[in-house]
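> Residue numbers (this note's numbering), protein chains in the order written: chain A, 26 to 346; chain B, 26 to 346.
Treat the hints with care, as some may be off.
Copies of the same chain look alike in the list, so a pair counts if it works inside one copy or between any two.
[As the list claims (entries may be wrong)] No farther apart than 27 angstroms at their CA atoms in a straight line, the calculated lysine-lysine pairs in the DSSO-like style are these:
(1) K287 x K59
(2) K29 x K346
(3) K335 x K297
(4) K128 x K50
(5) K297 x K255
(6) K59 x K297
(7) K50 x K297
(8) K128 x K329
(9) K255 x K29
(10) K128 x K297
(11) K296 x K59
(12) K29 x K50
(13) K255 x K329
(14) K70 x K330
(15) K296 x K128
Quick caveat, the hints were computed from the structure, so don't treat them as lab data.
There are 2 protein chains.
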Amino acid sequence: MDFKSAYDRWAEMVNRAIDNYVAEKDTPEGSIYKAMRYSLTAGGKRLRPVLSLAVCDMLGGNAPEIMPFACAIEMIHTYSLIHDDLPAMDNDDYRRGKPTNHKVFGEAMAVLAGDALLNRAFEIMVDNCLGLCVKDIHYQKAARFKNSGKCCVNSKEMSPITLRLMAMDAIAEASGASGMIGGQVVDLESEGRLISPELLQYMHRCKTGALIKAAVMSSAILCGASEDEKSRLETYAEKIGLAFQIKDDILNVEGNPEEMGKATGSDAANKKSTFVSVFGLERSKSMLDDITAQAILSIDEFGKKAEFLKEIAIYIHNRNK
Amino acid sequence: MDFKSAYDRWAEMVNRAIDNYVAEKDTPEGSIYKAMRYSLTAGGKRLRPVLSLAVCDMLGGNAPEIMPFACAIEMIHTYSLIHDDLPAMDNDDYRRGKPTNHKVFGEAMAVLAGDALLNRAFEIMVDNCLGLCVKDIHYQKAARFKNSGKCCVNSKEMSPITLRLMAMDAIAEASGASGMIGGQVVDLESEGRLISPELLQYMHRCKTGALIKAAVMSSAILCGASEDEKSRLETYAEKIGLAFQIKDDILNVEGNPEEMGKATGSDAANKKSTFVSVFGLERSKSMLDDITAQAILSIDEFGKKAEFLKEIAIYIHNRNK
Numbered sequence: 026m027d028f029k030s031a032y033d034r035w036a037e038m039v040n041r042a043i044d045n046y047v048a049e050k051d052t053p054e055g056s057i058y059k060a061m062r063y064s065l066t067a068g069g070k071r072l073r074p075v076l077s078l079a080v081c082d083m084l085g086g087n088a089p090e091i092m093p094f095a096c097a098i099e100m101i102h103t104y105s106l107i108h109d110d111l112p113a114m115d116n117d118d119y120r121r122g123k124p125t126n127h128k129v130f131g132e133a134m135a136v137l138a139g140d141a142l143l144n145r146a147f148e149i150m151v152d153n154c155l156g157l158c159v160k161d162i163h164y165q166k167a168a169r170f171k172n173s174g175k176c177c178v179n180s181k182e183m184s185p186i187t188l189r190l191m192a193m194d195a196i197a198e199a200s201g202a203s204g205m206i207g208g209q210v211v212d213l214e215s216e217g218r219l220i221s222p223e224l225l226q227y228m229h230r231c232k233t234g235a236l237i238k239a240a241v242m243s244s245a246i247l248c249g250a251s252e253d254e255k256s257r258l259e260t261y262a263e264k265i266g267l268a269f270q271i272k273d274d275i276l277n278v279e280g281n282p283e284e285m286g287k288a289t290g291s292d293a294a295n296k297k298s299t300f301v302s303v304f305g306l307e308r309s310k311s312m313l314d315d316i317t318a319q320a321i322l323s324i325d326e327f328g329k330k331a332e333f334l335k336e337i338a339i340y341i342h343n344r345n346k
Numbered sequence: 026m027d028f029k030s031a032y033d034r035w036a037e038m039v040n041r042a043i044d045n046y047v048a049e050k051d052t053p054e055g056s057i058y059k060a061m062r063y064s065l066t067a068g069g070k071r072l073r074p075v076l077s078l079a080v081c082d083m084l085g086g087n088a089p090e091i092m093p094f095a096c097a098i099e100m101i102h103t104y105s106l107i108h109d110d111l112p113a114m115d116n117d118d119y120r121r122g123k124p125t126n127h128k129v130f131g132e133a134m135a136v137l138a139g140d141a142l143l144n145r146a147f148e149i150m151v152d153n154c155l156g157l158c159v160k161d162i163h164y165q166k167a168a169r170f171k172n173s174g175k176c177c178v179n180s181k182e183m184s185p186i187t188l189r190l191m192a193m194d195a196i197a198e199a200s201g202a203s204g205m206i207g208g209q210v211v212d213l214e215s216e217g218r219l220i221s222p223e224l225l226q227y228m229h230r231c232k233t234g235a236l237i238k239a240a241v242m243s244s245a246i247l248c249g250a251s252e253d254e255k256s257r258l259e260t261y262a263e264k265i266g267l268a269f270q271i272k273d274d275i276l277n278v279e280g281n282p283e284e285m286g287k288a289t290g291s292d293a294a295n296k297k298s299t300f301v302s303v304f305g306l307e308r309s310k311s312m313l314d315d316i317t318a319q320a321i322l323s324i325d326e327f328g329k330k331a332e333f334l335k336e337i338a339i340y341i342h343n344r345n346k
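With the sequences and hints as input, model every part of the structure.
The structure is reproduced here in structure tokens:
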């Protein structure tokens, strides 16, 4: 299967799962589900959950066990975009070629839809952890957990519950004040002034990098990856996270607004500190080349199985939207 | 010890714990912690975490084990107030006698501070669950969990991890789209029109009731309460949650703005549906009397130990702010 077909197949699996996780409801608060679903189904690339599934595939893990966490990450990503687009924040009217959430549902509902998506992400992960307990207690179905299912015992073998809690912990930290939200704060406070290259990298490591890394690492944790494997994947995730942001900044200057489904040039207009404004366009492009090469190299030891993840690094490098 | 001293002692314990959970940091995103702490320490009554601790005390539980969940609930409550006060929502300038979060830190930061508090609530709860595993695996300290610490085994005895996950699940559901946020959505969509008594009660069961109930029930779950005990406490929680909201609506008409630290009359000005607008002031007051009596009666079987919780019901009934 070629890269695009494989990518699309996984993205489609994610779409179906998300559709179930945030279903429409005919209750008095039903409109919140519409608002949540609007942004969830607005044609995102599903890069983060696809990364999770690709890591799982490479490590020989079980995709359905990864899915709740992969979808939770996509929901966290989506809520951050809804809030980021608000008039009080970036004040964007379009996202992925469609009117932004607050343009359709109003500002108050957009705030609540974002809140609800973040909350739902954790509901899904907690339910997943709990399901593992309840299933085993009441139904005795999960026979394979019976032997390894002792939690908190003296063993180097982590139980499934421990792994899931560790994955949830990685995601929670990545999306919080010391991760994604922290990056947004630095971004906010950097507007209109030129920041140091170090602070720029710090900002993006938090703002975009943390959640991309969480997508890779939560999957690695859930699949029981070794310390060595986790270390390689961590480097890979950090590199593609940085590459993603450099490319974003380049596209904001050079991209085609029609193809991207949103306006370009907004960074310059908002006097944002970007890789382009700090390092210049040419230097940013050569940084992107270097970092992409480093990402690919970092997972070379996984051999042929790492092919898809390498292709993702190239996809991030070459993307037009 | 009299009621007020006992209440204040627990509230003070909560204050100290919160101070640790959301500490100031000297990092580039440091201002987010200032914004989070501003609203967290703005003089809230700490009703929800005090309820958790009181239930724990009544059931003979261990307060430090309840504390992370009690604080998480207070953080969720605080984030909902920050977002609720935003210009796009209720547009309130004062809360508890102090300028609202967005008035001090700006709208963008207030959105992010709210997001970060919700996220932090889950970080704390997940860390707490995980700590139980990691502690036992690495340090062998938690000897008392060694016997009961099997997760997912065939037993009616729930393990500590399962109880914590169940508590987190109850909190997550209460704060989400089918709980608190759902209630806010109904509230938003009810502005300017008279709603049915049924919808009014549904709205408040979600908006205020769900999180108050979660404070009581998560503590009961963590303390390993019996089904019978949980059932009584559930009734109690539902009654005081409703009483709290009826009193809120009455105070918005009759309260003293100086004492309350915020403007009154805003419900009528915003054409909100309230108990007073739907049932009238006198009927609302007699409903408040009845429901308070029912709350007290519902925990009568706990005997003398339930005294503090009964006093809380009276406190909610009599409060002036």
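> Does each hint hold? Answer for all of them.
Hint by hint, here is what the structure shows:
1. K287 x K59: within (22 angstroms within a copy, 33 angstroms between copies)
2. K29 x K346: within (15 angstroms within a copy, 60 angstroms between copies)
3. K335 x K297: neither (31 angstroms within a copy, 56 angstroms between copies)
4. K128 x K50: Within one copy only: 22 angstroms inside, 36 angstroms across.
5. K297 x K255: neither (34 angstroms within a copy, 53 angstroms between copies)
6. K59 x K297: Between copies, since 23 angstroms is at most 27 angstroms while 33 angstroms is not.
7. K50 x K297: For K50 and K297, the Cα distance is within 27 angstroms only across copies (24 angstroms; inside one copy 40 angstroms).
8. K128 x K329: Classified as neither; 46 angstroms inside a copy, 56 angstroms across copies.
9. K255 x K29: This pair counts as within: shortest intra-copy Cα distance 26 angstroms, inter-copy 53 angstroms.
10. K128 x K297: both (23 angstroms within a copy, 24 angstroms between copies)
11. K296 x K59: Classified as between; 25 angstroms across copies, 34 angstroms inside a copy.
12. K29 x K50: Close neither inside one copy (34 angstroms) nor across copies (44 angstroms); limit 27 angstroms.
13. K255 x K329: within (18 angstroms within a copy, 55 angstroms between copies)
14. K70 x K330: within (23 angstroms within a copy, 56 angstroms between copies)
15. K296 x K128: Answer is both; intra-copy 24 angstroms and inter-copy 24 angstroms each pass.
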